[in-house]
Amino acid sequence: MEKIQLNEDRFFDSDPAIRRIARDLYEGVKDLPIVSPHGHVNPRLFAGNEPFPDPTALILIPDHYIFRMLYSQGIPLENLGIPATDDAEVEQDHRKIWQILGDHFYLFGGTPTGIWLQHEFYYVFGVEEKFTGESAMRIYDRIQEKLQAPAYLPRALFDRFNIEVLTTTDGAADSLQYHDEIRRSGWRGNIIPCFRPDAVTNLLTNGWRQNITELSRISGISIDSYSRFMQALAERRAFFKSMGAVSTDQGVFSPYTHELSGTEVELIFERALLGRATQQDADLFTAHVLMEMARMSVKDDLVMQIHPGSFRNHNRFILRRFGADKGCDIPVQTEYTKNLYELLDKYGDNRKFTLIVFTLDESAYSRELAPLAGHYPALKLGPPWWFHDSIEGMTRFRRCVTETAGIYNTVGFNDDTRAFPSIPARHDLARRMDCNYLAGLVARYIIDKNDARQMSRQLAYDLVKKAYKLEGSFDVVS
Amino acid sequence: MEKIQLNEDRFFDSDPAIRRIARDLYEGVKDLPIVSPHGHVNPRLFAGNEPFPDPTALILIPDHYIFRMLYSQGIPLENLGIPATDDAEVEQDHRKIWQILGDHFYLFGGTPTGIWLQHEFYYVFGVEEKFTGESAMRIYDRIQEKLQAPAYLPRALFDRFNIEVLTTTDGAADSLQYHDEIRRSGWRGNIIPCFRPDAVTNLLTNGWRQNITELSRISGISIDSYSRFMQALAERRAFFKSMGAVSTDQGVFSPYTHELSGTEVELIFERALLGRATQQDADLFTAHVLMEMARMSVKDDLVMQIHPGSFRNHNRFILRRFGADKGCDIPVQTEYTKNLYELLDKYGDNRKFTLIVFTLDESAYSRELAPLAGHYPALKLGPPWWFHDSIEGMTRFRRCVTETAGIYNTVGFNDDTRAFPSIPARHDLARRMDCNYLAGLVARYIIDKNDARQMSRQLAYDLVKKAYKLEGSFDVVS
Amino acid sequence: MEKIQLNEDRFFDSDPAIRRIARDLYEGVKDLPIVSPHGHVNPRLFAGNEPFPDPTALILIPDHYIFRMLYSQGIPLENLGIPATDDAEVEQDHRKIWQILGDHFYLFGGTPTGIWLQHEFYYVFGVEEKFTGESAMRIYDRIQEKLQAPAYLPRALFDRFNIEVLTTTDGAADSLQYHDEIRRSGWRGNIIPCFRPDAVTNLLTNGWRQNITELSRISGISIDSYSRFMQALAERRAFFKSMGAVSTDQGVFSPYTHELSGTEVELIFERALLGRATQQDADLFTAHVLMEMARMSVKDDLVMQIHPGSFRNHNRFILRRFGADKGCDIPVQTEYTKNLYELLDKYGDNRKFTLIVFTLDESAYSRELAPLAGHYPALKLGPPWWFHDSIEGMTRFRRCVTETAGIYNTVGFNDDTRAFPSIPARHDLARRMDCNYLAGLVARYIIDKNDARQMSRQLAYDLVKKAYKLEGSFDVVS
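As they're listed, the protein sequences go chains Z, H and F.
Under the numbering used here, the first residue of the first sequence carries the number 0, and numbering increases by one thereafter.
Under the numbering used here, the first residue of the second sequence carries the number 0, and numbering increases by one thereafter.
Under the numbering used here, the first residue of the third sequence carries the number 0, and numbering increases by one thereafter.
What the hints contain is simulated information worked out from the structure, not anything from laboratory work.
Honestly, I wouldn't trust all of these hints.
Identical chains share a label here; the pair holds if one copy fits it or two copies do between them.
DSS-like cross-link-like pairs, simulated, lysine-lysine; straight-line CA separation at most 25 Å [to be verified]:
#1 Lys-325 to Lys-351
#2 Lys-465 to Lys-351
#3 Lys-337 to Lys-29
#4 Lys-448 to Lys-2
Please read these numbers as outputs of a predicted model, since none were measured by experiment.
Modelling step: build the complete structure from the supplied sequences, incorporating the hints.
Structure follows, in structure tokens:
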């Protein structure tokens, strides 16, 4: 058995001058509460507060970061227990699946997934040996045992993780039943929804017509026209807000923004209701909805988020057999300067409006996004997203963005995860990397130690609360 | 009062092996005269040689690098004294404005603007305390006091800064009156114009028709056709050259180059005179003028510069209220390989012609620009421009460009600034970063110390003089 | 005479923590045999096994990396002895040409070409002084003397370089006569062909009609239709395979993949035979052929390679006077996510198929290529190519790719060279950089030393053999 210890200085630059400062800055932020303003944890977890089933069901099966890598190396998703949409048989023996992960864990060398899992095993489950094919079953048993204990129930972990607020992502037609149950349960964990209407705003989404029916039902507004559709959206935003929401989110292929005339948009929506919307209809509709969401945000103060640039379900074979979100969403080149022009022209100077933009196209950091955020009062930059939520990704982000936009036009960290027990690992990594970045500035005499200390706290805690308008809503710790 | 000292090793890598070499290389170049071949300082400063009015008027109001950041954080430009085009009231109390800058100076942590200001305060004005809201008014008074002294008159600073040549940027219809006054004044400061005809070559410029009238008047050529237009341009180039110009410059949206037939271009120009030019007309005309400017450069030996890829006046609200150059120019993706094809095909092999290309799209460095400059004798790469005139920007530039194009296909540093007293700060930073880059090569045994010493001098002084054909025109110091 | 010594730690990070680990890892891989799965060495060298003529003919004249840099600085190719297609006179005095190289060798400071030449001089030819204008002729004489010795014959060098397999690149109509001669000679050097059909698949290639005639002749299949063309290709693939080929290669402008209908493709081919193919015909034909090559690879198991994104012969003046491959191929922006969609949709999930993709557009590394390779079982990423086969290029590649795709979806190193004696230099540099990258991970506690050791061996030796299906074909050393 190979014992491991996670080094206190991990991920910091190895240059002693930087490392010393980084460690010192990190000491000042590592215990701050976690604010998670964007993610995909299922609120049902905390409503039911049932024990997690087993390591494989908890860690591997819901995490496309993990199984896409195994798949890329030739392991069929069936062997990993990923449920097939056609009810084909998939591996049911979770111990066997876990063994496959152990046997192939070397694939994750140098990846954030490797780092997060190691952190999770070590700090959340107290596993002190290296994860390999040899140790896999011992580790499985160890985690399994823990999962039965009360200290490992979702709410207990939430408290232990010191999470001040956790934001989920919820569809426009979602009843927010679990958020409601959590509130009424008397438990004080702060779990709030985020309004993400993609399933009804993307006219070509699979099942769009059905989604509209759902939205009609839940909003009590019969959606037979675009204007009724917008009423329903407005109603839902108000409902989400009443349930604690502070933000909206939209995943779009392109960040193109453009206001259509009333007639144009009504006609497009009519075609959509008839099942005749074209790709161009859908693109224009999205561009228009982005304008409308901004307009509504100006009114109701919800922070607007855009996540563009992902070619969803690139692998149709996997989509057909296993559904969406299976590791086959691939980024594309994304243009911001021209595409956001109309929206920023209309709302970008509004100091009360906040638009947080994310990207999967790192070439836009220094070229488009930092210059835009370094000028428009409404625009802020989301942290490095998805594939770029990593040591090198965060380093590139800060290096490309800070010199033009400073740190105050960025918004702290988003863990963006479905994997609840990985949340501390992800925030810890982000805090380490931000401290390391600032330490590099101090070591080169670009900023002084006091400034760095201030900035490290901003990056770990203050900026996210300010950007997402969470200040004052909760008891602020520390 | 928090005393500060600028560390001698600032901006160098913190690794001692690199830092030691960087410092040593820097010692060899730090006192070389400044050659500033491209910038936006107003020549009137040196013709009149009047004292600068006050710190706010000198430092903040003309510098969009500064006020765009304040604006991005919600401070209206009115509060910063930026003159409104509609004569709306703006803050007149320069002390009050300065206090705002002090209160928000933390926003510039990690930005080149922060670094430049610190350098300027410390070395130009002898300010030895940290700039904060608390110290702001003391620093204001200190600078204000200095500005009254003869040693702080523009010409005295020019001499103290050890500027060998300073290039201004001047429109095609500019009389160069101030350049003339400087020459006739007997003062020996070398201030030369650069021919930038954008206001007459971009058919859709605001006021284009009026600009053409101006050009007619000053050239004595009545411009009623394209061919007369070209005559006027040629006349002005000759005049600029007689006034010491060694270069031209063009800011274009796209670097597309394409020669139109005589008929085509005449028709486009005719439409423009009638106020009927379309966007396509303007684009094609720019593409054609780039070809013509190259042709003329081959003849008259003026170095040709292109600055493409900026979406000017992205924020129309600011444009309407405060005019151009107010921090709202945002970069776009820029293609060079195909766009420069026709120009390079015709003139790129000409060893007497020099085309210096700049970019705001860093993804083009290693992909397009270094391979082009590493092949075509006529093509040289301008230094990292604007948002990329920074520690990380310069580092990325050298790392992306050198392995393919070497350093000898680059042209030293451009400060490109309107802010005269920031010139030493900017050149100092560039020299430090180039020395640091070379030190990194030495420390990894990629080049030896002697080569590095040679190269550091080339980057600080020799290359710029060679590229801009300034060799031999002046007494060479050192 | 300035003596030089190549430092044992060259190219490693100067930070002692990283350097120590890098050196240690490097010790473990530096003597592994060289596997060169993609390159442009002429097999005739090893068939004839004649002495190399002289340093200039061996080193400078065939290497566009070298003469493009000299050309960019104003030295005409005629002066460098590059043969002109019009039989114009070019310099014949190879000593004089070598002197020019020596006089300008400073241009290569900080470039991989400079590094490779230094390595080659030092280790292959025992030159221990710095290459300058002053030493140039002494070094010429030294190398010239060596070249006469039996130890410097091609086969002797091949053995001394410890090359386990060397892959050449050969046209579809190539007889592979030299490969055959090598086999029949009894010499055991393993030199295998790679099937590159560009000259017949790119309908607008200069001389395409003639190339088709050649292909008809050598395949014995009279190509008067697309279907006959495909038969001929299939026949040639089989022949190449019988001669040891394990891979195909295609240089394409765009990686667009699209299957045409039988009628469409026949009509396009017909137009091509009549000399009437349009640019669009050629583009579509390439897109279709990529699909067909994948289909055939699935059948015959040849690894498929694509090298897209080079604008070939950008400088028409040079093309007319000196032909292709003269340093005037310039990269362009390249899109992979959408362009490879159809091919990956059809073949990307096939675990027996291997598609290795290269790029000259580094912005695609983290945005498109790593996410694609981190998902599709069939897709692997080729090493940094051409302009990016360099210290910084390799560093950017690993940093941008590993966190998303790991190292196991990459394929080791390709030297891709025409310059046979530079092969050890190139592999040595790659091994150093990979070890240095891994050492950086160890020094930051991202991976442990044991993992790093494993991974360093994979990158130097195992991955390339696995990816190119070379395992088991030869005696594996070490």
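Status of the hints after comparison with the structure:
no., hint, in the structure
1, Lys-325 to Lys-351, "between (37 Å within a copy, 22 Å between copies)"
2, Lys-465 to Lys-351, "within (12 Å within a copy, 52 Å between copies)"
3, Lys-337 to Lys-29, "neither (39 Å within a copy, 42 Å between copies)"
4, Lys-448 to Lys-2, "between (36 Å within a copy, 14 Å between copies)"
The earlier numbered hint that this structure contradicts is number 3, and it is the only one.
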